[in-house]
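Following the hints, position chain B against chain A.
2 protein chains.
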Amino acid sequence: MKKVGVAILGLGVVGGGTYQILTKHREDYKRNHKVDIVVECVLERRRERAAELGIEESRICSNIAEICSNPEVDIVVEVMGGVEPAKTFVLAALNAGKSVVTSNKELFCKFSHELEKAARKNHCGLFYEASCVGGVPVIRTLLDNLQGNRITSMMGIINGTTNYILSKMSSEGASYEDVLKEAQRLGYAEANPSADVEGYDATYKLSILSSLAFHTKIPYTNIYREGISGISVKDINYGKRLGYATKLLAIGKNGENGIEVRVHPSFIRLTHPLASVNDSYNAVYITGDSVEDVMLYGRGAGALPTGSAIVGDIIYCATHSSFQYSPFENTEKAARTTKFIENFESAYYIRLDVIDKAGVLAKVSSIFSRCGISVAQMVQEDLPKTENATVPLIFITHNTREHSVRKAEQEINALQGVASVASIIRVVN
Amino acid sequence: MKKVGVAILGLGVVGGGTYQILTKHREDYKRNHKVDIVVECVLERRRERAAELGIEESRICSNIAEICSNPEVDIVVEVMGGVEPAKTFVLAALNAGKSVVTSNKELFCKFSHELEKAARKNHCGLFYEASCVGGVPVIRTLLDNLQGNRITSMMGIINGTTNYILSKMSSEGASYEDVLKEAQRLGYAEANPSADVEGYDATYKLSILSSLAFHTKIPYTNIYREGISGISVKDINYGKRLGYATKLLAIGKNGENGIEVRVHPSFIRLTHPLASVNDSYNAVYITGDSVEDVMLYGRGAGALPTGSAIVGDIIYCATHSSFQYSPFENTEKAARTTKFIENFESAYYIRLDVIDKAGVLAKVSSIFSRCGISVAQMVQEDLPKTENATVPLIFITHNTREHSVRKAEQEINALQGVASVASIIRVVN
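First to last, the sequence lines map onto chains A and B.
Position 274 of the first sequence, counted from 1, bears residue number 290 in the working numbering, the numbering being contiguous throughout.
Position 107 of the second sequence, counted from 1, bears residue number 123 in the working numbering, the numbering being contiguous throughout.
So that you can see chain A by itself, here it is in the shape it has in the complex (with noise of 0.2 Å):
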């Protein structure tokens, strides 16, 4: 029976469980796969978490060096995130002849091009299922199911912390702050938790998932992005109130004129799939020209469901003797012919904290008519009047262009003492 060798780099969340299936599945992948899966060797410096996981002192590598060497190594797991040193890792390993499994987004999201120009110079394997959206077959499915379809949009619920804070905000009504600390609390959301709650993971997941969806390299700065960190639960309750659920979501259109990507909180129609995509869970809504509407479904992030990620793609390379690379040109020159639409177009909720109500409307009317917003829905209640407190004027436009919402809130910002924009909301229809 065929052998196959395993390095893990890192024995993280992501590496820990990956080690547990690989070990207590051993047998099943020899009978139904027909490989000998073994992990030879760990690199981890924490040998006490080596311990924990039972990975004898023999296994375990104190340097890179040790591992490309290793000629009992075929595949090197990178699953230690962030750039360096897993990018020196990584290469080094394809330079070695090892074929790489990695769950890193942001390394795979910047350098792409340089890791596969080295996988397909060094006739490697350069597998990344584990990078976007944990368990969720997504990637594979855009390489090996879709690719015959133009892909026209795909949107995603694609943070797992993100969701989950904006989800509990929903059912509970609790405020931003609250939620967070509580996902803090639980290790749902990071000590410093920006990466997640400003946008910039689910930036570079969509980077590499519409890279593959348009068949061209979309650099993650040419995302746009806004993070959850100005939604209240005010706007929340409105949205429901409306019909939408409030979601991070994760947006790639390729039209006629261009590619728009974007990631910003969004309210989406209660009735849409992804609306009820809630806590941790992920999922990506694809549309093709043939395969009309697919949405994929799961867990994000998680020791096992990330590990299943990684060990898919690890029996898929011990069991096939050719690779796939991105079916593009995967070049950062390539990135610079791509037409990007910024002045993008959506249906927006505007939300503004107005003192004179009466007085206001046919103002902020007449800035809406002058940018060209036209109104599909207002909302004002009459709330009990307070000395100096301001009541809420809430408007859904139709379709609109980005750079006139700018315009307008530039000018109702400037309707000093009398309205004033507390939030702008994109809605998915």
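Hints listed in this document are in silico derivations from the structure and should not be mistaken for laboratory results.
Because the structure is a prediction, the values reported are computed rather than measured.
Identical chains share a label here; the pair holds if one copy fits it or two copies do between them.
The list that follows gives simulated cross-link-like pairs (lysine-lysine, DSS-like), each with its CA atoms no further than 25 Å apart:
hint	residue 1	residue 2
1	126	103
2	355	126
3	133	50
4	50	355
5	18	133
This is chain B only, laid out in the frame that chain A set:
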């Protein structure tokens, strides 16, 4: 550039869709996948159908031998449906060294062992993503993404016709007969609808999917089957009031004591992601020991969605140098060693038609108790009493065994003139 020649057997709905996609995107595939996929010829008696699709006379073949002996043909696409002559043609193609892509669930379900044997012998690919759930990428997900898991359960809405009928009955309150007629008029149901409405189509697909999930041959003849023709709007409405949607579910479970596989109408909690899969949409909900829950959702049928799966397989076959066969011993003999559970466990919805409510409750309760059935919920309605009219008495049971429920059904029906069992629907909580 590598050129790959395709022959399409049958220009029905899916064959036509496949031809259209390949023609429309030929340049895209050259650019993105570095392969020129050319439809060399088609096998189709109706010349006017070929003409309608724009296929020249010279590319229409009149028999399979012509295709098998054509050195320009690398891949044969079988989209004829039914066992014969499809089986003869597919075996001829494989034996002539052509790879095969098929959408034929009945053929693959019944003869996969024979077809895979021929494919292996001739070093050809045999791809069948399109055989199950149209454009939804469930087969490759099982083969190449979740293969590191022990899959414990799968539940699917995998027949579009029945889901359309049940969705319409639920949303419009129309009778089964009326909705079926409308579905036939719209082309969603066949003139003879029994393959769909009696659940045969779903058992073929569940046979294929559960074999892949559980790594053992699951013959469709081992699948418990019950169609939707006995479902009434009355039960669908009671279901809604109790918090359930009514769906034809295909269920596979792989537990300590064996495998259970069944296709039957089910009540499923409205909060379950499968409950909101409506109309002709399909979905498969898979649970694995590492990945936890994954749901794949999309169009389960149609020219272009199924064509998308066919073309995905064609490009995969054209760009990979190795093939993938079923990851288990795919023989008729292997199936005979699998232990199947027939007396499965489930919760049940039981609706009785009762004449004398007060008198009957004690009797029914004592039957339930004797059969070991424990009741979780009971609903009785005070309908205006008319002469000889029956009133409904509804029970939701705790988990119990199929055989216990069947025994109770017999005993209740023997309480002649007092009560009879109007319907029994299994409940997924």
